[in-house]
Amino acid sequence: MKIKDGFILREVADSYLVVAVGEAVKQFNGVINLNETGAFLWKLLEKGCDEKGLKDALLAEYDVDEATAAADIKAFVEKLKEADLII
Amino acid sequence: MPRYKIADIVFETNHIYAYTPALCKNYLYDGDAPSEFSVEITRDDIAAERGKEGAEGFPDAYLESLALFRKLCEYALKEREGIIFHSSALAVDGKAYLFTAPSGTGKSTHSRLWREMLGDKVVMINDDKPIVRFVDGDFYVYGTPWNGKHRLDTNCRVKIAAICEIKRGEKNSIEKITPREMLPVVLNQTLRPGEVAEMDKYLSIVDRLLKSVGLYRLHCNISREAAELSYGVMSKGDNNEN
Numbered sequence: 000m001k002i003k004d005g006f007i008l009r010e011v012a013d014s015y016l017v018v019a020v021g022e023a024v025k026q027f028n029g030v031i032n033l034n035e036t037g038a039f040l041w042k043l044l045e046k047g048c049d050e051k052g053l054k055d056a057l058l059a060e061y062d063v064d065e066a067t068a069a070a071d072i073k074a075f076v077e078k079l080k081e082a083d084l085i086i
Numbered sequence: 000m001p002r003y004k005i006a007d008i009v010f011e012t013n014h015i016y017a018y019t020p021a022l023c024k025n026y027l028y029d030g031d032a033p034s035e036f037s038v039e040i041t042r043d044d045i046a047a048e049r050g051k052e053g054a055e056g057f058p059d060a061y062l063e064s065l066a067l068f069r070k071l072c073e074y075a076l077k078e079r080e081g082i083i084f085h086s087s088a089l090a091v092d093g094k095a096y097l098f099t100a101p102s103g104t105g106k107s108t109h110s111r112l113w114r115e116m117l118g119d120k121v122v123m124i125n126d127d128k129p130i131v132r133f134v135d136g137d138f139y140v141y142g143t144p145w146n147g148k149h150r151l152d153t154n155c156r157v158k159i160a161a162i163c164e165i166k167r168g169e170k171n172s173i174e175k176i177t178p179r180e181m182l183p184v185v186l187n188q189t190l191r192p193g194e195v196a197e198m199d200k201y202l203s204i205v206d207r208l209l210k211s212v213g214l215y216r217l218h219c220n221i222s223r224e225a226a227e228l229s230y231g232v233m234s235k236g237d238n239n240e241n
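Residue numbers (numbering that gives the first Met the number 0), protein chains in the order written: chain A, 0 to 86; chain B, 0 to 241.
Hints in this document: simulated from the structure, not taken from any laboratory. Certain hints may be false.
To be verified - Derived DEER-like restraints, expressed as beta-carbon distance ranges:
| hint | chain 1 | residue 1 | chain 2 | residue 2 | range |
| --- | --- | --- | --- | --- | --- |
| 1 | B | Leu190 | A | Thr67 | 39 to 49 angstroms |
| 2 | B | Asn171 | A | Lys80 | 42 to 52 angstroms |
| 3 | A | Lys51 | B | Ala46 | 43 to 53 angstroms |
| 4 | B | Ile221 | A | Asp55 | 50 to 60 angstroms |
| 5 | A | Ala70 | B | Asp43 | 17 to 27 angstroms |
| 6 | B | Asn187 | A | Glu45 | 17 to 27 angstroms |
| 7 | A | Glu10 | B | Asn171 | 28 to 38 angstroms |
Said to hold, decoys possible - Non-contacting residues of chain B with respect to chain A, defined by C-beta distances greater than 10 angstroms in every case (computed):
| hint | residue |
| --- | --- |
| 8 | Ala17 |
| 9 | Asp92 |
| 10 | Lys94 |
| 11 | Gln188 |
All of these numbers come straight from a predicted model, not from anything done at the bench. A virtual CB, placed ideally from N, CA and C, is assigned to each residue, including glycine.
Go ahead and model the full structure; you've got the sequences and the hints to work with.
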């Protein structure tokens, strides 16, 4: 899985924002707020990463059990798919 | 071609209709500084404005002036750390305050309450679309001719003391808010660019702006008491500590 071209994550005023640039503006003209974990996962997905890779990284970075990590990742990836931000 | 100086940017432009030069007459420039850029507004530019949301029913002459404003703002962002900030901006005692909110909330109304209370002490910088620029380490708000339906603007710049989000309320209350709380308001009331280089410049300006001026949220009705409250708190506020 990989974040689509044209969607960028930036840290502004203590917040993580995703905005569209270039051609992607035609698809999405809003602003998405991510929390810290969301931003962490997003950065992995920018480079391309599967759910197992996300889970391993999350378990290494955060104090979280495996079931919770898997559930959080599934929910996050679902949201990205719904918003058509991921291929 | 006529030359203008808006937001301390000298430029020259043509016009097809008489509206733009009439609108911008207080910003004509006949000084010695060279033009920073020259822009020709074409029929295609006007057609592009007509295609934007909310442009229905406006005459071409007005859309021509909007096309110029768009090009000025693009230049300001690219080269002069400037953004357009949808707000009613005024100054009292050399300090500028920006009231911001979606259209129809009551920005201009609240500015009017300040004028009724403070009279000539209030300088209306721009009632609708001022330009905000980062200059030598500080943020300034500049008057522009695109000044809203009450036609209120002054060709000047004033250092920004505070930005205040206006919300309607039955009772009046004001609170300091954090950059993070103000961020969505600012993102909605400024013009976001479409390309990545400009987006990074824009977000960097927004980030610094929110960390360097006072930030408030005002719930208010239309009364003198509302203006007394917001002026009383914001004019005393230690506006550089968020």
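Tested hints:
no.: 1; hint: B:Leu190 x A:Thr67: 39 to 49 angstroms; in the structure: holds, 41 angstroms
no.: 2; hint: B:Asn171 x A:Lys80: 42 to 52 angstroms; in the structure: holds, 45 angstroms
no.: 3; hint: A:Lys51 x B:Ala46: 43 to 53 angstroms; in the structure: holds, 51 angstroms
no.: 4; hint: B:Ile221 x A:Asp55: 50 to 60 angstroms; in the structure: holds, 58 angstroms
no.: 5; hint: A:Ala70 x B:Asp43: 17 to 27 angstroms; in the structure: violated, 52 angstroms
no.: 6; hint: B:Asn187 x A:Glu45: 17 to 27 angstroms; in the structure: holds, 26 angstroms
no.: 7; hint: A:Glu10 x B:Asn171: 28 to 38 angstroms; in the structure: holds, 35 angstroms
no.: 8; hint: Ala17; in the structure: holds, 34 angstroms
no.: 9; hint: Asp92; in the structure: holds, 28 angstroms
no.: 10; hint: Lys94; in the structure: holds, 22 angstroms
no.: 11; hint: Gln188; in the structure: holds, 12 angstroms
Of the hints listed earlier, the one the structure fails to meet is number 5.
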